[in-house]
Structure formats: structure tokens, C-alpha cells
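Asks: Chains C and H, in that order, give the protein sequences. Residue numbers for the first sequence follow our numbering, so the first one is 1 and each next one is one higher. Residue numbers for the second sequence follow our numbering, so the first one is 1 and each next one is one higher.
No lab work stands behind these hints: they were computed from the structure. We put the beta carbon where it would ideally sit given N, CA and C, even for glycine. One or more hints might be untrue.
[To be verified] List time: in silico PhoX-like cross-link candidates among lysine-lysine, alpha-carbon distance up to 25 Å:
{"id": "1", "chain 1": "C", "residue 1": "31", "chain 2": "H", "residue 2": "161"}
{"id": "2", "chain 1": "C", "residue 1": "56", "chain 2": "H", "residue 2": "4"}
{"id": "3", "chain 1": "C", "residue 1": "56", "chain 2": "H", "residue 2": "259"}
{"id": "4", "chain 1": "C", "residue 1": "317", "chain 2": "C", "residue 2": "283"}
{"id": "5", "chain 1": "C", "residue 1": "322", "chain 2": "C", "residue 2": "274"}
[As the list claims (entries may be wrong)] FRET-style restraints, in silico, Cβ to Cβ:
{"id": "6", "chain 1": "H", "residue 1": "66", "chain 2": "C", "residue 2": "314", "range": "33 to 39 Å"}
{"id": "7", "chain 1": "C", "residue 1": "424", "chain 2": "H", "residue 2": "474", "range": "57 to 63 Å"}
{"id": "8", "chain 1": "H", "residue 1": "279", "chain 2": "C", "residue 2": "87", "range": "43 to 49 Å"}
{"id": "9", "chain 1": "H", "residue 1": "468", "chain 2": "C", "residue 2": "111", "range": "52 to 58 Å"}
{"id": "10", "chain 1": "C", "residue 1": "280", "chain 2": "H", "residue 2": "468", "range": "53 to 59 Å"}
{"id": "11", "chain 1": "H", "residue 1": "298", "chain 2": "C", "residue 2": "67", "range": "51 to 57 Å"}
{"id": "12", "chain 1": "C", "residue 1": "77", "chain 2": "H", "residue 2": "368", "range": "33 to 39 Å"}
{"id": "13", "chain 1": "H", "residue 1": "279", "chain 2": "C", "residue 2": "41", "range": "36 to 42 Å"}
{"id": "14", "chain 1": "H", "residue 1": "388", "chain 2": "C", "residue 2": "284", "range": "45 to 51 Å"}
{"id": "15", "chain 1": "C", "residue 1": "261", "chain 2": "H", "residue 2": "368", "range": "46 to 52 Å"}
{"id": "16", "chain 1": "H", "residue 1": "375", "chain 2": "C", "residue 2": "41", "range": "26 to 32 Å"}
So you can see what is in the structure, the chains are spelled out below.
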Amino acid sequence: MRIIIVGAGEVGFHLAKILSQERHDIIVIDKNPLSAERVNDSLDVMVIEGSGSELKTLQRAEASDADMLIAVTTVDEVNFTACMLAGKLGVKKKIIRVNDPHFLADPKGPSPEDFGIDLVIYPEGLAAQEIVRLIRRSAATEVLEFADGRIQLIGIRLDQESSLINKKLKDIVSTYQNLPFRAVAIFRGIRTIIPTGDEVFKKGDQVFVISKTEMVQEMLRLAGKESQRLEKIMILGGSGIGRRVAEQLEDEISIKLLESGKEASSELADALRKTMVIQGEGKDLDLLATEGIIDMDAYIAVTKDEEDNIISCLMAKHLGVKKTIAHVEKLDYLPLANTIGIDALVNKKLSAANAILKFIRKGEIVSVATLHGVDAEVIEMIAQKGSTVTKKPLRAVDFPEGAIIGCVIHNGSVEIPVGATQIKPQDRVVVFTLPKAIRDVEKFFS
Amino acid sequence: MSPKSILAVLAFIILAIGILMASSVLVSLLHDGKDLVPLALSSGASIVAGGALWFVLRKHRNEVGIRDGFVIVSLGWVAASLFGCLPFVLSGAIPSFTDAFFETMSGFTTTGATILTDIEDLPYGILYWRSLTQWIGGLGIILLSVAILPLLGVGGMQLFKAEVPGVTVEKITPRISQTARILWLVYVLLTLLQTLLLLWAGLPLFDAVCHAFTTVSTGGFSTKNASIAYYESPAVEIIIIIFMFLAGVNFTLHYRALKGEFTSYLRDGEFKFYVLLIVGVTVLVFFGIPTLTSSELGWQIRAGLFQVVSIVTTTGYVTADYELWVPAVQLLLLLMMLSGACAGSTAGGIKLVRVIVLLKNGLNQMKALLHPRAVIPVRHNGRTVGQDIIVDVLAFLVLYITLFALATIVMSATGLDMVSAAGSVAATIGNIGPGLGSVGAIDNYAHVPDFGKWVLTFCMLTGRLELFTVLVLFTPSFWRR
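The shape of chain H in the complex, shown without the other chains:
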């Protein structure tokens, strides 16, 4: 492991963050310009710091080994958040460093948990940057770097594997940088399409762009205190439901559809499971929403569907206060927070493909009890899932539940009640955003003690990078040669 070559990649990431941040300076100029100076300062500082370091170290391009991959990806996200939180601190929008770092990490990891009590009070440039962090983090900071920095070459695969969610990572083209570029292309197309549709539905350009950013990344930051409920527009809600849904699908399938193979959606077991899950849970939720009058039937269906899709894709937008719904439905939503959507999408959580493998494996074990000598493979998409992958998935689940349980205990210890503690951890590990209890749909994380915020920040990063990448850094054998 060579510290200099790791630092070189980190420098590049900081530089890229700085350049992207510069676009918010432009937004500020076009609007009130109140936050012009802090944004320009932050962007300039990132560009200068990242650029200078990159210039000095650009010659250090050793191949990225297995260990380096984990270090680069984990530190890359931390570095991005450190520089990304500068605008919040410098503009005074979020004076506390802890809060600003929490908010930025929540942005990059597309969690969408906020410590802000009055979002609409923020200047435009800052609001735009807050949405942009989610858009950058949605597909991945490293994936972006790999797409524009082809020289990562072979090592790119190590980074790719450490960042992209899923059990097995599939390359859709021979070169890792091409794959990264194609995924970003799909992502940009989805964003453009949604922006246009939201404009058509009557949103101002600023709102349309910011919400498109945070929908396709399944982030969930809104520019309004009341989230999507603010617009009271069925059209807007339906557009957002559709794009949340699309963002929760494996991007490889979108790529194949772009190439004309539309049937690849229907041939994918995970996609089918995803659709059935959403439909099934929506029906259950429908009966759990306290019925008002028959004239609100349409609203009820829409609110139910919106909330289910928002939670399962780990976006975290709200159009209704689901904490008013019956407890059984709330628990169902908590389960969905854990499961998440498809692998290879921008969604968080455990990912449905793992759920499918675990369920099938469980059923097979029962069959094996009856036929002790039978060979019963776990099949997914027509192919046998190897024993090593099943073990990997089981290990992931155990770690996920352990982290969930431990973090919940710690959060209760900081003074949160039990439901809020569990809700906050589920919502941050799964990158959803709003949890349950005092951090629920219409609340925020401002009241959580500082220590608790750091714990949740750690949960967000660990959850976004699918546990192993971050947790492996804390094992003794990682540091032993």
C-alpha cells in the first residue's frame, strides 16, 4: 500500500468535488447571490487544495491493490464530505461542524436525513449544493472518478467493487471506465427527463432540477419544509413515484433497455420481485391508512403508493405523515427500510437480490430436511447461485443486523426513545432519511445529541458502502502485513 498513490486519488476526488461545487456559485449568481462568497470560497479552496495535491502526486500511480481499494473508497467519501460541508459552515447556514458534516454525509450517501428545521430559510446556492451532493453520491463518487479518470485502469475494478452495491458486480462493457461512463449516462438521461417532466407539471426550474437530483439518486432532500406535500399536485407526485421507482431498478437493465432489449426487465427475477413487493405492500398499506371520506380515495391510494415507493427505494420523500397510520403498517415500512430496492441501483438497504437468495435458501433448507441426500441449488435468474455467494449474503445479513442492533443500543443510550433509536438507525444504515418516532416523517434530526449524530453519520457511510468496505478497515488482519 502506497500512501502517496492513495492520496493522489483522494486529491482528485477533492478536485472533482470543488469543480462540481463551482456550479452552485453560478446558481447563487442567478438568484439572490446572498451565499456567493462562502460558496466561491469553498469551491476555490477545494479546487486549490485538491488540484495542488494532485499536481504534486500525479506521478504516483501505482496499481490499486485489494487493500488500497477499501481505503481509497472509504476515505474518498469522508474527504468528499469534509470539503462538501464547507459551504454550510462558511455561510453560517449550519454553524456547527458536527451538524454540517452530518448533513453533507447524509447528502452524499443519499440518506436524506436532515438537521435543518427551516429548509426554506436557506439561500438558493446552498439549497442547490445540498441537492447536488445527493446527485453526486447517488451513483457514487468513486464511480464518477473512474468514469473520468481512466488511468485507474486495473485498480478501477477494486474500487468499483468496493463502492457499487450488489452481491456480484457485473461489467457491462470490457472496460471499467466505459461501464462507469455508461452508468453515468443512464443516470444523466433519467435526471434530464425528470427535470423536463417536472417543469411541465408546473414546477419552477430551480425546484425541478433540485428534485430531479434528489429523486434519481433516491436521496430525498427537498427544498421545501413539507417535502413533496408542499406542491399538493398529483402530477408532481406521480412523476416522482415513477422516477423513484426507476432509480430503484438495476441500472444495467436500463442500459439494456436503451439498447432496445426491453424484455430484459421481465427476465430479471429481482425486478419482478421488486414490482410485486411494491404492489403487495401498497395494498396492505392502503387498508392501514385511517379512512377519511370516499372523496379522498384517490389521495389515499396515491399517498400509500408514494410512501411505499419512497421507503423501499430508500428515497425518503414524504407526502403524508405515516406515523398517523396503524402501527402494523409502520412496522411494515420499517421492514421495507431494511430490505431496500434492487442491487446496482442508487437505492440503499440490504437489496432485494440478497433477500431473494436468503428466502430461497431458507426454503431449500426445509426441502433438504425432507430429502437429506437431495442436491438442491439456489437458483436466481436461471443460474445456480454458488455456495460462496450464499455465505457472503448470510455474512452480510448478520453484520447488518448486528450493526443495526448495536447502533440502536448506542442511540438509546444517548437519550432517544426506543422507537426513535431503532428508526433513526434503520433510516441511516439503509440511507432512507426520515425514520420513526421523534425522527419520523415530519420531524428532523436536529435534536439528536452530537455524539448520536456521529454514530448516525458512521451508519450512513457504512450502509452506503455495504458494510464490508468500511468495516474491513477495523479488522486487525487488514493492517497486518
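Pulled out of the complex, with its shape left as it was, chain C reads as follows:
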């Protein structure tokens, strides 16, 4: 596909990187010469310096030949104009990122479809959704759904209590025959490991496991993670993300929302019915103590200042809060979560990019390609007739180092593979792989 990406910020850059690796033809437009140069130097894509809201820039990008335009600058109006112009030039699919949740969201006004826009992405809303998912599945550090929710990929941190520590993967598998699961990746320190049967789990590992959704509870118990319901949470920061999280969770959980702005807090108090809004600084330890931070089940820091978020999460952890989640702006910070002891770091830009990737790969079952802070990809392959992988049962296939099969979809039914599983031609297979092994994996399926 020929895809034009307007805006080479973090979202645009990330999208361009992933999509160009997937052999799409990518043209990136950015009016900032520095951003444009950064893309040009590090990615195999075409870069055009100019404004995406100008017709001549889009013409230079030969938009009339493009299949899709993704407008992800930080300015809603520029994104909208780019989509409109692209529509006039005959681009079929248009994706827009908005920063104002009300943009194109008036139920009485024209819908995005009326403007020919196929997908509206609101990054803060997506980040909020992700936090909500993490709160609801409180024991996991990461939850992703595949195959219409029939399969879940969960991230589990192994603490002291876990019975899995110091055990070999293959021993665990043989002990729990009736619990089909697939450990697809271990995140240890700053390294991502694709485990073999001989891999030994260590304390502090973040383990990614694919399992059928109904088995997930069982899985968590095995890992020593009783999935308890969270009853009280505290949110720091009441703009976009914080507000959305409160809106979605206030009916099930008791929420305290800390907001430093005076006017903003009264506005929040007005809009949120059940949430208790407190005006104050997150760094104010006395205030936190007064509001009973020690009794909180989870602490979520989503202010605009990422360093503040990290520090206040560490403070909450120090005071004994079980689960902490922080929002960070820089993608480079994501791998730190494990090291610094915060349960999950969320990044709205990565969430936005993932939502767009999900849309582009519609029809395929892989819903998310990149995990937070983990250097691994989830790709889906269709086994071709006569390909290496279909010839023998899995245990006899010499699968590339650094890659592992997560699940197999055969005639529409999902299967967690074991050593005896035989992949048949036309099966759809979800493979979890380090970037360097992707090419070798492809060879096995073609």
C-alpha cells in the first residue's frame, strides 16, 4: 500500500517505521526541517518538507496515487485540512488524529464519515482506555486481545511470591498439562528474551503469556498473582487522560482525583458525579497522606509532566500502593518501567499508533504490534502450501532463534500450540518475534 503520513512527530515516526518494515510504501510530510531530516536519515521512506494542509505539498507527494493518508500532526485543523484535500485528490482511506475530544464528536453535527474520514484517533482517550483495561485486569502489567477477544496476551511480573521462579519453562508446561498457555517473551532488565524450553524464570521477570481468555484467571493464579478487585484508586492529573479514566471507572471503583488547577478542579467536580476531586499538588506528601494514599489499591499519575508522574508513582510505591501506572511522553522511557519498579508505563502516542496499525491490518487477527517498552513484534503469517512449517509437527521444526509461535487459528478455531501441534496450509499463525528474526520467520511460512 502507498501511505502518506502527515506529521513526523512521535506518532508519525513510529507509524512510518513499523509500516515501512511491513513493506508498505511510505511518504512522510513534515514542515519542520529537523523532523524531516530525522526521518530521512533513519527510515527507508520518502520525506517531503512542507505543510500537509497545502495542496502543492500533497501533490508533490503524489497523493492521487496513494491508498491512504494518515494525518497525525498536533494541530487538529491541519490534520482535518490534509484529510479533506486528500479526499479531493482521490485518496480512499483517511485517518485523522485529534487532540480536542470534541473535534468531529458532536452527535448532532456531521459525523467523520460525512467528511470521508475513516478513523478518528484521540490519543488521550486511547491511553485512558489502556489504563482502564490495566485497572480491571489488575494483576497484569499489560493486556492485549486477539481474535475478537478469544485470546489474550498478558504481561505478568514475577515477584517473590510466584511459584514459577527458578523453574524451567518445560517443567512448568509438563506439570500443568491441562492449562494450555504459551510463554512468548520474557523481559529481563533491558533485554527481551524469546524463551526456549530450557529458559529458567527469575525474580523480577516480566513474562508475556498468550492464553485463551477463559484461562487467564487460572494463569494469573499460577503465577502467584491473585487477581483481586481494586476498590480505591487515586488519579493525579485531571486533564484528558485522568478525566476519561475517572469517567469510565467511577461507577465501579471509588476514585480520588487530584488536580492542581483551581478552575480546572471545579470544572471536574462539576462534570464527574461520583469522583472526589481534590485540588492540590501531587508532590504534596502531607496532602497525599491526609487523603489516605496508604489505603489506595492503585495510583495513576497522568499529569502533563512525565518526570512528575514517575516521581510521584515511586513515592506511592514507597508508601505501599500495590499498583502504580504513570503516563510518559517519551517513548524512550517505556523500557524503564521494569527497572524503576513502576507497574506500567503508558504512552498515548504509542496507543495512537497501535490503534492506527490495528485499523490498517483490519481483517487480520493481530490487534497490536508493539508492546510497551518491549523490543518485540507480533506478526501474523499464513502458512503457505508446502512451506517448511507445515511439514512436521512443531517440536521437529527448527524454528528461528528469537521467534516463537503464539497461537494458531485453524478453520476459525483458536488453538494454543504445543509440541505435537501440526500446522496445516492456510492456517493463520501469530508469531512473536524479535525484529532481527522477522526475515527468517517469513521464510518458514512461504
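Use these hints to put chain H onto chain C, whose structure you have.
Replies: Chain H alone, transformed into the frame defined by chain C:
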């Protein structure tokens, strides 16, 4: 920097050179076959050496970083020349290794300087290979590798930038390998078209193919001692003038024309400057050629135009001995040797786009003297040229002149007279071929001492890769981590 992944790319280049060399075995078979054994041996050796090394190292495909790009491109050209000179050495056509390496580097860099005194004495296969080196080098060895080796992926851009001439490198398609393939397609089309036209003009197939190879690459190797003058055919000369001219144009413009956008030529400032320069200098040269009789007027115009285009595109064919022309015209030609033709073409030299930027910048400085607070941007093709690019161009010019001056001094020290020393360096850095004085239009480089030949070989490579790529390897900070 991983030596193994660098070696893997070099191995691929050697393999590719070996496969291309195999075609000259075929040519030899079709003709006298005298050089069959040395050609087959050289080709086989390159294929086996490159192939084996590639097979062993094929798994080492790390991303090509900034440093690796410079190393791969510079060494790639050296490796190609090392294996490319095997046929000359093994066949005994050029027994000395120094001479053979000089001749091969002169081929790949499309310089066209030769140490051969009697070209027509060489067997057909060797002559064909000599022309083919120029054709391969014209658009670039690395560009060819990128076109057929898409797995260079991201790193391809680093290599692309290090090899393709020009101030800024423009991708015409999203993928670097597609861009490389399109440029090669344009190149092949031009070559085919010229071959057909030369056949029509009455050249034998062998001559037509070899001259098409060395025209579109702006190389200038001929299969005849007297170069194009041998044919004494106005038709041949005119065809070659046209194709030298086309080869000196930015290939991106040809691509756009192929897509139907013919006006893109006229909208390009560099192209317009190129045309005006050729017309203007031809008129000046016309008056500088010693007039013989009025019946030779047509010849005079043609010879003038041919020589100007040949020099400005850095091809280096000759139809007339320009050293018989008045000194002012010779100096004018020397200037043209330095300037070269358009960026993104197969021509060498400083490139006209840099000349344009420098001239405009110079004029702006004068305006700025009168209006100290005025903001006066340098514009090219309707867009402002950034300060960083101007600095880059100035740095390039300073390096070019420094290298030119230093190499000229060294060449004089080896015993060449002043004009020949300057002429030889200008002709090799600019990848033109024939220079002035004792290395002029009807002379060759055979008499240059061995040390001088190595200096000139270095000039050819450095000039072809636009200085920075090679010179950066000699800076201490490149090797410091």
C-alpha cells in the same frame, strides 16, 4: 561498526562485478577469442571469491550506520577496481599492476584517462570490459547493489548519500531500492536508444555498444586511438553530443519526463543554467578555434560544441586537438572541467547546482553590504537554500580547491610540467579524462611516473565520490569512538 557486515556487502559487490565480467567472456567468444582464458579466469575468480565470502557472511546483515556507509562505499569502489583489473593483468594487455589499477579505476570512476598507447591493439573482450567498467561505474556500483539487494533497506540510504553526487539527495519513490531501480532503468533506456542510433549511423555493433556504454556514463573510453575523430562522421558526432548532453542532466528529470512531465526540464534552474552555459561557452570557443576556410565552418561549429559538451559533462571524448586552440579557450575548458554538469547525473566535477548556489550567495553578500539589515535568502528552484547547505557547498569548494592545489604540487614534483600537472589533476578529480599539456587531448598518461599514477588514481576515486566520502576516512574523529 561490524567488519563482518561490511565485508558481506563488499563480497556482494565483487560477486556482481564477476557476473558482469562474464558477459565479456561471451563477447570474446563471438569475436577472435584471443582473450578468452584470462577473461574467464578473472570472472571465475571474482565470482568464486565474492560468492564464497558472501555465502559465509550472508547472515551478517546489521544495519548500516553512518560510519559504515562511508567505509562500504569507499572500499566497495577499491574492491571493484582490484577485481576489475584482473583481465588486464592476466591477459598481458597491461602487465603492470599500477597501470592496470589506474586504468580500471579510471574506468569505474568514468574518468576515461588511459595509460594505453595503442588501444586498437587490444583484443575485443578486453576492450568491451574496459567500456563496461565505465557503464557500471557511471550510475554507481553501490547504486547497482542497492537496486538488486533490497535487504540493505534502511542502510541503503546511507550508502546512497555517500555515492550519489549532489548537494541534497532526493528520493523519487518511497523506497531506496525502487529509486535505485528507476535510475538504472532510465540509464539502460538511454544506453539502448543510443546503441540503436549509432547502429543506424553505420557503426558496427561492437563499436556502437561500447561507445553507448562510455557516452551515457560520461566516461569517454573509446575503442579507437583517435577517439570519436576516427569515424569522421557528422551523424555519429551529433548523436554522441546529444547523449553526452542527456547524461549530464539530473536523472530525476528524465524520470519525470518518462512519466509525461516534460515541463520539469524547463522548471529546473540547474538545467537552464546547464543549457545556457553550453551555448555561451560554445560561442566563445567558436571564435577561439583557428579558422581555416569557410568550407569548414560546419566542422568548426560541431568541433566546438562537441568539445564543450564533452568537457562540461566530464566525458572526455575528442574530435579535435583543443590544444591547438587559443590559450584563452583552453583555460575556459579548464574551468569547465572544474564545474562539471548537473547533480544527480553521471557527470563529475563540482556540479552546476553548487556553482549556482555559490554565485547567488556571492551576489547576495554584495547586496547585504548595501542593506546591512536585509534578510536575503539564496533561492534555487523557487525554494530557499538553507544556511547549512550553503556552508556545506562552501566547504566542498574549499576542499576541492585544496585537493586540486595539493595534488598539482605533488604531480609537479614527480616531474610533470606545470600545465600538465594542473591539467592531469583537474581531469582526474573531475573524472574527465584527457587533461592539458602532456596529458592532453591526443596524449595519454603512460609516461606519468608510477607514484604520480597512484596520486591520480586517488584523485579519481575522491572526485567520483565527491570528496567527503573518501576524505572523512582520513580524519581522526572518524576512527575515534
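Asks: Now tell me, hint by hint, if it's right for this structure.
Replies: Going through the hints against the structure:
Annotation: proposed proximity of residue 31/C to residue 161/H holds, straight-line Cα distance about 22 Å (limit 25 Å). A C-alpha spacing of about 45 Å is found between residue 56/C and residue 4/H, which places the hinted pair above 25 Å, so the restraint is violated. Under the criterion of a C-alpha separation no larger than 25 Å, the hint pairing residue 56/C with residue 259/H is consistent with the structure, at around 18 Å. The suggested pairing of residue 317/C with residue 283/C holds, with an alpha-carbon distance near 14 Å, which does not exceed 25 Å.
Straight-line distance between C-alpha atoms of residue 322/C and residue 274/C comes to about 23 Å, which keeps the hinted pair within the 25 Å bound. One distance hint, 33 to 39 Å for the beta-carbon pair residue 66/H and residue 314/C, holds here, with the actual separation near 37 Å. Residue 424/C and residue 474/H have their C-beta atoms about 59 Å apart, which keeps the hinted 57 to 63 Å range intact. Range check, residue 279/H to residue 87/C: about 46 Å between beta-carbon atoms, so the 43 to 49 Å window is met.
Between residue 468/H and residue 111/C the Cβ separation comes to about 54 Å, which falls inside the hinted range of 52 to 58 Å. Residue 280/C and residue 468/H have their C-beta atoms about 57 Å apart, which keeps the hinted 53 to 59 Å range intact. The hinted window of 51 to 57 Å between residue 298/H and residue 67/C holds, with their beta carbons roughly 56 Å apart. At roughly 37 Å, the beta-carbon separation of residue 77/C and residue 368/H lies within the given 33 to 39 Å, and the hint holds.
Distance hint for residue 279/H and residue 41/C: a CB-CB separation of about 39 Å, consistent with the stated range 36 to 42 Å. The beta-carbon spacing between residue 388/H and residue 284/C, approximately 47 Å, falls within the hinted interval of 45 to 51 Å. For the hinted restraint 46 to 52 Å between residue 261/C and residue 368/H, the CB-CB distance of approximately 49 Å keeps it satisfied. For residue 375/H paired with residue 41/C, a C-beta distance near 29 Å keeps the hint of 26 to 32 Å intact.
Violated hints amount to a single one, hint 2; each of the other numbered hints is respected by the structure.
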